[in-house]
Structure formats: C-alpha cells, structure tokens
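These protein sequence lines map, in sequence, to chains A and B. With the first letter of the first sequence counted as 1, position 16 gets the number 16 in the numbering used here; the numbers rise by one all the way through. With the first letter of the second sequence counted as 1, position 220 gets the number 220 in the numbering used here; the numbers rise by one all the way through.
Please keep in mind that the hints were generated in silico from the structure rather than gathered at the bench. The beta carbon of each residue, even a glycine, is placed where N, CA and C say it ideally should be. This list has only true hints and no planted wrong ones.
Restraint ranges, calculated between C-beta atoms of paired labels, are given here:
1. A:Ala-47 with B:Gly-69: 22 to 28 Å
2. A:Glu-45 with B:Phe-299: 46 to 52 Å
3. A:Asp-215 with B:Ala-66: 44 to 50 Å
Straight-line distance between alpha carbons at most 20 Å, and here's what the computed EDC-like set of lysine to aspartate or glutamate pairs gives:
4. A:Lys-48 with B:Asp-64
5. B:Lys-228 with A:Asp-322
6. B:Lys-138 with A:Glu-170
7. B:Lys-138 with A:Glu-179
8. B:Lys-276 with A:Asp-189
9. B:Lys-339 with A:Glu-334
10. B:Lys-228 with B:Glu-199
11. B:Lys-286 with A:Glu-315
12. B:Lys-286 with A:Asp-244
13. B:Lys-208 with A:Asp-321
14. B:Lys-276 with A:Glu-316
15. A:Lys-112 with A:Asp-26
16. A:Lys-102 with A:Glu-81
17. B:Lys-286 with A:Asp-322
18. B:Lys-337 with A:Glu-334
19. B:Lys-286 with A:Glu-226
20. B:Lys-228 with B:Glu-153
21. A:Lys-32 with A:Asp-114
22. B:Lys-276 with A:Asp-195
23. A:Lys-50 with A:Asp-68
Below are the chains, spelled out letter by letter.
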Amino acid sequence: MSKFLKFTASIVLLGSAWATNANAQDADAGEKVFRKCAACHAVGEGAKNKVGPELNEIFGRVAGSHEDFKYSKAMIKAGEEGLVWDHDSLTEYLAKPRAFVKGTRMAFGGLKKDDEIANVIAYLATFSSSAEQAAAEPAPAPTGASGGDTAPVETAQAPAANAADAVIPEHGVYHLGREALPEEVAAWDIDVRPDGVGLPVGSGTVADGGVLYDDNCAVCHGVFGEGEGRWPVLSGGFGTLTADRPVKTIGSYWPFASTIFDYVHRAMPFGNARSLDADQTYAITAYLLYLNDIVTDEDFELSNETFSEISLPNEENFYPDDRLDEANFDTNVEPCMENCGDGPAEIVMRARILDVTPDGDDESGAGGID
Amino acid sequence: MSQQPEKDKNFVPARRSFLQGGLTAAGGAAVAAIGGGAALAAGTPDPAITELKDWNQYSGPGVDAAPYGVPSPFESDVVRRNVPWLTADPISSINFTPLHELDGIITPNGLCFERHHSGVAEVDPAEHRLMINGLVDKPLVFTMQDLMRFPRENRVYFLECAANSGMEWRGAQLNGCQFTHGMLHNVMYTGVRLRTLLEEAGVKPSGKWILAEGADASGMGRSIPIEKALDDCLVAFKMNGEALRPEQGYPVRLCVPGWEGNMWVKWLRRIEVGDKPWQLREETSKYTDLMPDGRARRFTWAMDVKSVITNPSPQAPVTHGRGHTIITGVAWSGHGKIKRVDVSIDGGRNWQHARIDGPSLSRSLHRFYYEFNWDGSPLYLQSRAIDEHGYVQPTKDALRAARGDNSIYHNNGIQTWYLKTNGEAENVEVS
Numbered sequence: 001m002s003k004f005l006k007f008t009a010s011i012v013l014l015g016s017a018w019a020t021n022a023n024a025q026d027a028d029a030g031e032k033v034f035r036k037c038a039a040c041h042a043v044g045e046g047a048k049n050k051v052g053p054e055l056n057e058i059f060g061r062v063a064g065s066h067e068d069f070k071y072s073k074a075m076i077k078a079g080e081e082g083l084v085w086d087h088d089s090l091t092e093y094l095a096k097p098r099a100f101v102k103g104t105r106m107a108f109g110g111l112k113k114d115d116e117i118a119n120v121i122a123y124l125a126t127f128s129s130s131a132e133q134a135a136a137e138p139a140p141a142p143t144g145a146s147g148g149d150t151a152p153v154e155t156a157q158a159p160a161a162n163a164a165d166a167v168i169p170e171h172g173v174y175h176l177g178r179e180a181l182p183e184e185v186a187a188w189d190i191d192v193r194p195d196g197v198g199l200p201v202g203s204g205t206v207a208d209g210g211v212l213y214d215d216n217c218a219v220c221h222g223v224f225g226e227g228e229g230r231w232p233v234l235s236g237g238f239g240t241l242t243a244d245r246p247v248k249t250i251g252s253y254w255p256f257a258s259t260i261f262d263y264v265h266r267a268m269p270f271g272n273a274r275s276l277d278a279d280q281t282y283a284i285t286a287y288l289l290y291l292n293d294i295v296t297d298e299d300f301e302l303s304n305e306t307f308s309e310i311s312l313p314n315e316e317n318f319y320p321d322d323r324l325d326e327a328n329f330d331t332n333v334e335p336c337m338e339n340c341g342d343g344p345a346e347i348v349m350r351a352r353i354l355d356v357t358p359d360g361d362d363e364s365g366a367g368g369i370d
Numbered sequence: 001m002s003q004q005p006e007k008d009k010n011f012v013p014a015r016r017s018f019l020q021g022g023l024t025a026a027g028g029a030a031v032a033a034i035g036g037g038a039a040l041a042a043g044t045p046d047p048a049i050t051e052l053k054d055w056n057q058y059s060g061p062g063v064d065a066a067p068y069g070v071p072s073p074f075e076s077d078v079v080r081r082n083v084p085w086l087t088a089d090p091i092s093s094i095n096f097t098p099l100h101e102l103d104g105i106i107t108p109n110g111l112c113f114e115r116h117h118s119g120v121a122e123v124d125p126a127e128h129r130l131m132i133n134g135l136v137d138k139p140l141v142f143t144m145q146d147l148m149r150f151p152r153e154n155r156v157y158f159l160e161c162a163a164n165s166g167m168e169w170r171g172a173q174l175n176g177c178q179f180t181h182g183m184l185h186n187v188m189y190t191g192v193r194l195r196t197l198l199e200e201a202g203v204k205p206s207g208k209w210i211l212a213e214g215a216d217a218s219g220m221g222r223s224i225p226i227e228k229a230l231d232d233c234l235v236a237f238k239m240n241g242e243a244l245r246p247e248q249g250y251p252v253r254l255c256v257p258g259w260e261g262n263m264w265v266k267w268l269r270r271i272e273v274g275d276k277p278w279q280l281r282e283e284t285s286k287y288t289d290l291m292p293d294g295r296a297r298r299f300t301w302a303m304d305v306k307s308v309i310t311n312p313s314p315q316a317p318v319t320h321g322r323g324h325t326i327i328t329g330v331a332w333s334g335h336g337k338i339k340r341v342d343v344s345i346d347g348g349r350n351w352q353h354a355r356i357d358g359p360s361l362s363r364s365l366h367r368f369y370y371e372f373n374w375d376g377s378p379l380y381l382q383s384r385a386i387d388e389h390g391y392v393q394p395t396k397d398a399l400r401a402a403r404g405d406n407s408i409y410h411n412n413g414i415q416t417w418y419l420k421t422n423g424e425a426e427n428v429e430v431s
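Pulled out of the complex, with its shape left as it was, chain B reads as follows (with noise of 0.2 Å):
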C-alpha cells in the first residue's frame, strides 16, 4: 500500500518517522504517497494545517540555547557515513559526503568527508609551525599568526579522493551516490598562495619539486612539482569562513586545486624544495595507476571531469509519482570550469542539455537540474560534464577499455541510477 519505497528504510530512518508522526496525527487515517500533496483523501482536511502544533503556542528556545548552532534534529540522518569492510581500522579510513542530502555548491563543513591515515590530529595551532626548508635562500618558521599576515585570498574548490568510485571499477557495487561519489567536498577556502610563502624564502633555480608534509602521526608527505606549488595551490587556515576543522586540517591545509585529494596535505607544518620527487608511500604503492599490461602510471594528479546525480538516486528515492520531477546532480573538473551537463533518463540514448544553477568557478562545483515531466515508467537517469577544455566525461565502458579492470582510482565514468516504477533507484550499468 504505502509508497515509501522498502530501502528507504536503511536510509531515512528519521523521515520514516516523521512520516509515522504525521500518521498518528491523522488519526491513522490511510497515506497513499503516490501522488505527493494528495495523501489525504480528497475533502479531508489537512491536520498540519487544522491542527494546533506545539510550535504554534508555546515559546522556543532563547537566543544562546546552541552558542554554536546545530542542525534541526529532523535533519539527524544527514551524516556523514562509512563502508566498514573497505579499510582495516576507522584510524586509517574514509567516510563519505551525504551528496544526495545537499543542494547548490557548498559543502557544510561538519559533513565533509574524512580521510585520515593515522587517525585525527589535535593540533595546538600556539604550538603549530610551519617551516619551509631545503633548496631555499633562507629556511622559515612561520607560526600561525605569521601565516595570517600575508596577503589572503578567498577561493571555491573541489577536493575530491583518487579513490572516488574505485569500488566501482569493475562494476556496479555500492548503492548509493554518498557511497559511490561522495569523496567529494566542495568549499571556500581563506589562506595564502604557496607561492607567497615560497618567495619569502627564496626558491633556488635548482628547486624543481615540493614535499608538502602533515604534522599528523602518518606524516603524510606528496612530492608536488614547482609549477603547480607557484601557480595555484593555497595554504588555507579557514573553509567556508570559520576555522578548518580537525578533521580537515586545523589549523593549516594545504589546497591543491583540482589535483586529487591526497596531495591536499591536512595539519600541514614543513615545505621542503628539492630537485627531484621523493616517491614516497602515497606516490608510489598507492595512488599509481595498474594498466592491464602489468605496467603502472604514476603522478597521475588531476582529477577528471565527473559528474553525478545525486536526486533521485538510491538514498533518495522519488516518493511524490509521476509528474512534475527535478532531477539534479553536481558536476565538476580538475581541468577548469564546467561547461555543460547533459541528462539521458534513456541510459544515454538520447540527451538533453541541463540547467546550471550558482557560481560557475574553476574547479569548484557546479550544481545542474533538469525538470520534466516523469509519466511513472521505469528510467535509466545519466549525466555527462563536459569541461571547458571540452574533455567530455566518459562511459565505464570506455574507461575500462582504455586501462583495464585493476585500476581503483580516477573512475570518472558516467553513473546509472535505475529508476523504478515504485520511486526507488538502484545503482546499475547499462548496455
């Protein structure tokens, strides 16, 4: 009877009580979802309407009752999660972006997902230093106020892991574009261009390479050409206005804009110049790239241009019926700015320009709809980014014929969710 499709229970369980609430309220009077605003029977009037709620009569908290807010408990289930079978230990392990729960650009900052090698660093920023040493005229210690007095600037990027949709490599597994795509953040960084920093120590004609290092307990250390280090990266103290968080940082990041997420060094504290890469453990035993020849690429930095529908997907099933339908979804390339999102809700037979909505920044986000009108059949829904360089985002398909079945990392292939005829989506490949 009811139309809250079965997963759904896995996922919402806070709207599903909601939904429950409301069906008390009623009286146990009978919801039929299909068909949205029309749940009641016609001429039955509405009890949130009729009905004196609780918030209509009593007074609410007073200023001060959260001195930093928090989201209303109706929002409990927008949470970061993990998969617990794909790391070892919760120290050294990943969580995912509720993407399916966020509309327009930016990431909030408590649900940007965490990657950590040896757990959360909880760094003192009186007693956090960056130093900046090797092939330099002059080796600098910078303390956080230091970092403070340059010139900052204010900056929209994606971060996005290598490892976003690696599960997904040799085909459909996760069901769920949180679980699937939501390595992803997206925010506004505040802090001082590399190169400021480089240049107040004096880089010597022989510095060819960057070791960017984090004062966490894996010491997490990327080997990052001079080009990029003196062209965009940024040494960010803030993300979307306030203080970077722990788990992204606090105090000092470093940003890498639209190389992947690893090079993004968190609790950053030394810079080291050198003439040649350090092929440390993250550029060498993981983030290289196995071909089918046994062979493997290394220093595979930018992400490609991707994209995803994030609405309907499987956390986030249609419940409304036919009719009117926003489909929307985010785009996104390491290259640059997004110049165009097609949707195919045919499995990519045929495709329709989508609208882009919000800032349309290099490497940041971009947040796309398309509207029509859904008659109720089942659908196969696709997105397709094409940047401004005009790289197109491409098939799995092509993806694994151009380097096999054994990588795990820069899957930017096109995703299908199954629409069903009940309003539930699953994650699934298509001919």
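Extracted from the complex, chain A is given alone in its bound form (with noise of 0.2 Å):
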C-alpha cells in the first residue's frame, strides 16, 4: 500500500514538472489562446489587476490570494481549503471554471480543446519562476543499474503543490540540500595537489604541448613564455628573486608543478576556460616545464604516472607566515606621541604619478598588483 502512495507521488512530481517544461507544450502558440483571457487577465512585466488579476507568479500562488485583488467567497474559499494554482488544477479550471470553483466571479466559460489549455499553462509558465524552475530541471529519469529508487523525488526542485508533500532528507542537522550524486561531484571537483591527488589518467608531450602552446597560449605569453605587454611571464627569471626587479615565473619562483596543470586546466586558455582536456594539459604542462629547463627532452612525456618525478626548484624557498615575529608588531612598545624622531620632519620622497587622471594616457609606472 505505501509502495503505491509513493509510486503515484512519484508519478504526480514528473507529471507535473513534464507538464510545464515549456518544450512539451507550445508557449507560442499559448500566447495567441491566451487572447481570450487578455480582455480581463494581464500577464508579464508590470501586468496589474484588471476585471481578474494579473497572472505572475501564478504557478504556486494559493487561489484567491493575490492580495490587491477582490475575489468572489468561494474563490477564497477554495484557497483556504487548499487549492493551489499549478498544471493539475489549472488544467481543471480552465475547462469548467465555475464547475470547478462553484461560485467564482470568472464568466469566462472555458477552453473546450486541451492543446488550448495545455498552451496557455505553458505560456503562463513562462511568467511564474517556480514553473519555470521546475521546467529547467525536469527530474532526472533514473538511468544506469544504479538503483534509481527515490533518487528522482530527492532531486526535484519542483515545490510541492502541499507543503505538506515535501521529502525532508534525512541528512545534517537542518535536513537541507540533498547528497551530490558522483557524477556531479567529478564533474567540479577538477583540482590537484602537489602529492598528484586529483590529477586525472592521461598524458602528454613536450613536443604536443608545443603546438598546443602556439596555439592557445603565446598570443598573451610570448612564444618562449616571456610575457607579451603586461600578461605573466611564464618562464626565466632565474637568479632574480634577490634582485631589484625580481621574475617570479614557474622555473624561477613557483614551488609545485600541479599548480600549472590544476591552472591550465580550469582557467586557461583565458577567455576560453575548461576547453582543454587532460591530454592537452598533460602536454602544455610539459611544454612549460620545458621552456623552463625542468624538463630537458623534447619527447618527455608527462602523464598521471610520471608527475611524480617533477619537482620545481623554488619549492624549498616557501616557508609559513611568521610576521608576528617582526619588531613591529611587538605590542609592549608604547608609541611616541611628542618629540618623536629628530628634528622637524622632511620630504624625502614624492609621488612618482602626480595626476592619476581617470582618462589619463596609458602612462607607465613600477609595481603592478597582478
């Protein structure tokens, strides 16, 4: 018996998010059935209450609530004893108005085809968010030998036409939110680690990265990594870090190379993020590990096997915060408050750009923040 209720539940929640998907039904040719309606109906942007009220937002609205609207007793009525606006009740109504709603102001005396009802739920749809929502993401038929028990309830967006119907998870505290299915968690969770976790199965050449490389990449950092304009250099650098102009590239300052895969693989190329794939990074990475000196042979190949072998010069040079230990942040040295320093203060230094003008030219000064 509960095998059945939960069955027909079932069968209500896809009913009713199939019903509204707008690509079932016909919202265009909804809009033109929905002439007859427009002598007392308005619907979309600043629609407002005509003869009967305006229809946003209609899908999920309880009948007889629109509060700036004054409806007949039963219409009220009808709310209060649950009547909801969604596709079933719609469908209903629109048949036989004043069967359905005995005693509602609506004269109107019903759509006699169900194409005509069908289309006009639809076009209103379009208008209501909830519908909308509902039609975007239309309840995932279970596929695969994967059980697909109660899978396609939990992932419903649809509101229940109860609120009583809702199914409360039985995770958390809260009980919000639903499990992320596998599928889902691979398809975001594209990050590596230094110790290779994440790194997906594939591989690739220094030589294919090349190509790739002059392909995707050299238009913003130069052929051999050097930079073009103000883009990142990717590549030399070494020896700079103590200097007064310091490089900081991948072979001169970043410590792990799966920071460049994890990068390449999700940002790049820019503007044009997540079309590479993992061969295609493998073989970049390579490639940059090359121009870098990391790798030596043109027919290096880096894959998920061989990552292990690449470490980066710098890593060693990284160590954690430790600021607090600098003489300016000792909290025990009062700050001078009169006569502090000697003799009357002096400009020894002035702004080097005088009129950072909004509209200025392209001037050019030290220390960019990318």
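If you follow the hints, you should be able to join the two separate chains into one complex; please do so.
See below:
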C-alpha cells in the first residue's frame, strides 16, 4: 500500500515537471490562446489586476490569495481549503471554471480543446519562476543499473503542490540540500594537489604541448613564455629573486608543478576556460616545464604516472607566515606621542605619478599588482 | 586668483562645473575661494538666496521616476576608478573605491572596488548550486533556496585586497587615497555561517583544510584552514540589505573576516574538505611575500592594523582656507577592533588622539575625526591606528626594514599627505 502511494507521488511530481516544460507544450501557441483571456487578465512585465487578477507567478499561488484583488468568497474559500494553482488544477479550472470553483466570478465558459489548455498553461508558466525552474530541471530519469529508487523525488526542485508533501532528507542538522551524486562531484572536483591527488588519467609530450602552446597561449604569454605586455611571464627569471626587479616565473618562483596543471585545466586559455582536456593539459604543462628547463627532452611525456618525478627548484624556499616575529608586532612598545624623531620632518620622496587621471594617457609606472 | 587647486580639475570635474555654474549665476562676480563662506564681497547678497531657482518653483519628477534610485547628478564624480597600466587587461583587473568621497563606515554597494580574474560572472541563481564534497560524511548540494533556509547572521566586515597600497612599497607613487588605499570596502553581510553548512555535511576528523572555489571562468580557488572555516567565515548572499552585486559575487560569496580579499571567493560554488592545502595559483605564484633573502612567506592571510586619512587627500584638497578644519579617515584591523587612532600634522613628530565615531566592530572599518584650527601653514598629515591587541600601525620604513623592497602585499604602513599652503595635498614620504 505504502509502495503504491510512493509510486503515485513520484508520478504526480514528474507529471507536473513535464507538464510545465515549455518544450513539451507550445508556449507560443499559448500566447495566441491567451488573447481570449487578455480582456480580463494581464501577465508579463508590469502586469496589473484588471477585471481578473494579474497572472505573474500564478504557479504555486494559493487560490484567491493575490492581496490586491477582490475575489469571490468562493475563490477565497477554495484557497483556504488548499487549492493551489499548478498544472493540474489550472487544467481542470480552465476546462470548466464554474464547475471547478462553484461561485467564481470568472464568467469565462472555459477552453474547449485540451491542447489550447495545455498551451496557455505553458505560456503562463513562462511568467512563473517556480514553474520555469521545474521546467528547466525536469527530474532526471534514473539511468543505468544504479537503483534509481527515490532519487528522482529527492532531486526534483519543483515545490510540492502541498507543503506537507515536501520530501525531507535525513542527513544533517537542518535536513537541507541533498546528497551530491558521484557524477556531479566528478564534474566539478577537478583540483590537483602537489602530491598528485586529483590528477586525471592522461598524458602529453613536450612536443605536443609546444603546438598547443603556440595555438592557445603564446598570444599573451609570448612564444618563449616571456610574456606580452603585462601578461604574466612564465619562463626564465632564474636567480632574480633577490634582484632589484625579481621575475617570478614557473621556473624561478613557483613551488609546485601541480599548480600549472590545475590552473591551465581550470582557467586557461583566458576567455575559453575548461576547453583543454586532460591530455592537452598534460602536454602544455610538459611544454612549460621544458621552457623552464625543468625537463630537457622534447620527447618527455608527462602523465599521471610520471608526474611525481617532477619537482620545481624553488619549492624549498617557501615558509609559513612569521610576520608576528617582526619588531613591528611588538605590543609592549608604547607608541611615541611627543617630540618623536630627529628634528622636523622633511620630504624624502614624492609621488611618482602626480596625476592619476581617470582618462589619462597610458602612463607606465612601477609596481603592478597582477 | 582662484584658490581652486590646479590638480582638482583632474578629479572633480562635476564640482568644478558646479562652481563655474555658480559663477555664471553670480553674473561673473569674482569668487575668492579662500575663506569659503566669505566667497562674495562683503555686502553682496548671495544669489543662492536671492535668486529663484528652478527647484524652488517647479515640481520635480514623481515617485517611480527611478524605480531603483541613483545618486544626484551632482555626485557623478563619485565613482570607482582604475589605473589602466597596472594590469594587462580590464577583464582581469582592479578598480578602486573612492574613499575620499565617503563618510561613516559603510561602503555603498555600487562603489565597492572590483577585482576579477575573468570578468564578472553573470550567474542565474536558479541554476547556481553550492556543493560540499571531500572529507565529509555526505557530500551535499544546496540550491540558493536551501542556503537561505539555514539560520542567518548579519555582520559588518571590511574586505581589503592584500595588494592594497602595494604600488607604494618602493615609495610614494599614486596621488590619491582612492588609488593608494581604495582596494577596500566595508559592508554588512547577511549569510549563513560556513560552519553550519559544514556541519550539515559532517566534516571527518581528517579534514584539516577547505578549498573554496568560484563559479567564474577563472575557477578562483583558495585553501583555508579548517579552524578559520569553522570560526567566523560567512557564506553571504546579501550586502547592505540587498542581493550581492554581480561584481561582488552574486548570488553568493564567501566572507573570510579579517583575511585578504582574494580568499573571499565570489560566485561561490564549491567547498571541498581535505587534509592538506591545495597550493593553487593564487596561494603560490601570487599572494606570497618575497623577502630580501629570496625566500618567500606563504599563507600570509591576516590583514594587519592600518589607517588612512581620506580627507584632506590629493583628490580632496582643502578649499576653505585656514580656520576650523576637519581631518577624517578610516582605520581597520584584521585582528579585531580598533582601540585608538592617532593623528599627526607634523609628519609624525607629535601625535594627538583622534575621535572615533560610529560603530566599533571587530574586523570592520572605524571612522575617525580630528578637528583643529589650521593656520594655513604646510603640514604633513599622518594617521596611526592601534588595535585591541596593541598592534600599532608601522611606518613604511619599518616595514621595508623588516621585509625589503620586493614585497607587494600587506603594506599597512603609515601614509603621509603633504598639505600645501594652497590647500592641495600630495602623496609623499617624510624623514
């Protein structure tokens, strides 16, 4: 018996989701049908109540509940008894309004054809965010042999017609959200750590990477990774970290090769992120290692197997934040209040860029912050 | 003749045209700026009083003229600005909050500085999800509606980019506190504690770090220790009462109070729990601090105690001449509340306590004022903040002594404005 109830609930929910799907019905055709309604009802941007209430967000609205409209007692009573406008109730109501809500003021006799009803409901759904949401996310059909028992019900985002029908998950403290499916985690969890955790299966050679780099990367980063304009320099800079103008590159500064793979895979090329597959990313990473003399063989193939062989020369030169050991953080020193310093203050340095005008010329200055 | 400082024309065109408009109305009467209220010759009636203005006579627009209100056209110069040469492309760039035009502690939403790494993501909230995965009992997915059903909190926090004042490491460079200090805003957020969401999924004992990841095309990601994640981090969907602005991460962003702005991941879509940090680009090649010996500090998260005088400043000269003068500015600390702000008008030789007015909240901007009688002589204006732990804002020289010249981030040094006899202010460093 309970099995039958569960089954029915699933069907109803799926039915609602499909019925409001604009693809299944013809909202455009429904717009024409709505002309029969437009004398009394408005819908869309700026719609106001006329002879009948405006119909934006009609899906999920309790019958007789638009606060600015004067309804019949019958319609208010229907709402109090639980009538909520959704696909099913609208279908019945639009077929025979006065039979479905006895005493309604709506004088319209009803739509005769089923497809007219379906289409006008599809049209109205385009002005209801809850219906749109349901349409945008029809409950996924169970796939494969992975059971698919209650998953469709749990993943459906459509509000239940009755609040009491909402499915409450068992997890957590507040029982909110739902369990992430393995495919969903796999789709988003692409991060890679220095210990290789997260590396996808794949491989690519320095030579392959060179071709891909020239096509996808060189326009900003330069043919040899030297950087065009103010785009990041990717190679060289060895021995400059104590110089007046350090050049912080993959070879001179970055601590971990995994960062290259992760960043290229998630964010490059600029403006077309996530377009490089795992093999391409391995190849480009291999080529960047080559440009930095980390690997020297053009035939070197970087893969999830060979990745652990790679380490970057500057890794050991990073250490945790120890700012609090600086004298600047000594809290036992009371700041001087009077006659501090030697003699009167004198200017020792003036602003380099005197007029940072909003529309100024492309002045060049030092100390960029990219 | 005019005491309107020459440089003013670059920053406040609207104000200048406003003054010129006044000139016209006065029938070309000479306006002497010094003395402010005494701008007209003694005995000459003020046309602002004697002449009938349009707004005295005619009705203005009715309600709904601007369904979402906008500032007065006379405030049209109060905008964010960028410095084009700082970055390669505006898609991955920064602009600056006009601190010199603001008062109180709250930054209006449309003026909060922007920093994007792949432009402003336009996210449909109906299609946005927040996932929690990794070392949890049950990986979860939340819709925006789910998020808003958790218990909410309202908190005011500053957000400062770690690179704020970074252009000034080697010396005074940009003329205007908008540019030297404007990678800063202060907003009241409404959101859900990250802790609450993590507890909903159940963090495993081996979970020591989280990765916060954005939905934008840069896939912005930062590693955050679990202690901070379970302490005061907020998953926010409202700023100053309304939905987050797209450029601030609509529909949902992470707040990491007191810590560098880069960690406040916008368009937040995923929290992964792990046992080690991820060492992604923004915590290795960027946001690490190169020291004089060629080694580098990493995971330098907290923003230290800092302050700046916002008025007067290079974009906000003194136009009223000598007499009663107000110095004002903001102070903040990533470690807690501000206990005291001192102001010096002689380049740090003598200091007076400033008056803090408005709410004093942990990890929020504090507004300070110092009023004095300016005699018209040149001054070196400085402010120095001290937080509740006793940390004192250092001089720039002290910072360079400790960290060398090659740092970019975490410059919280004392700023000096040189106030000249004509009321102009310039960014300088003093002995």
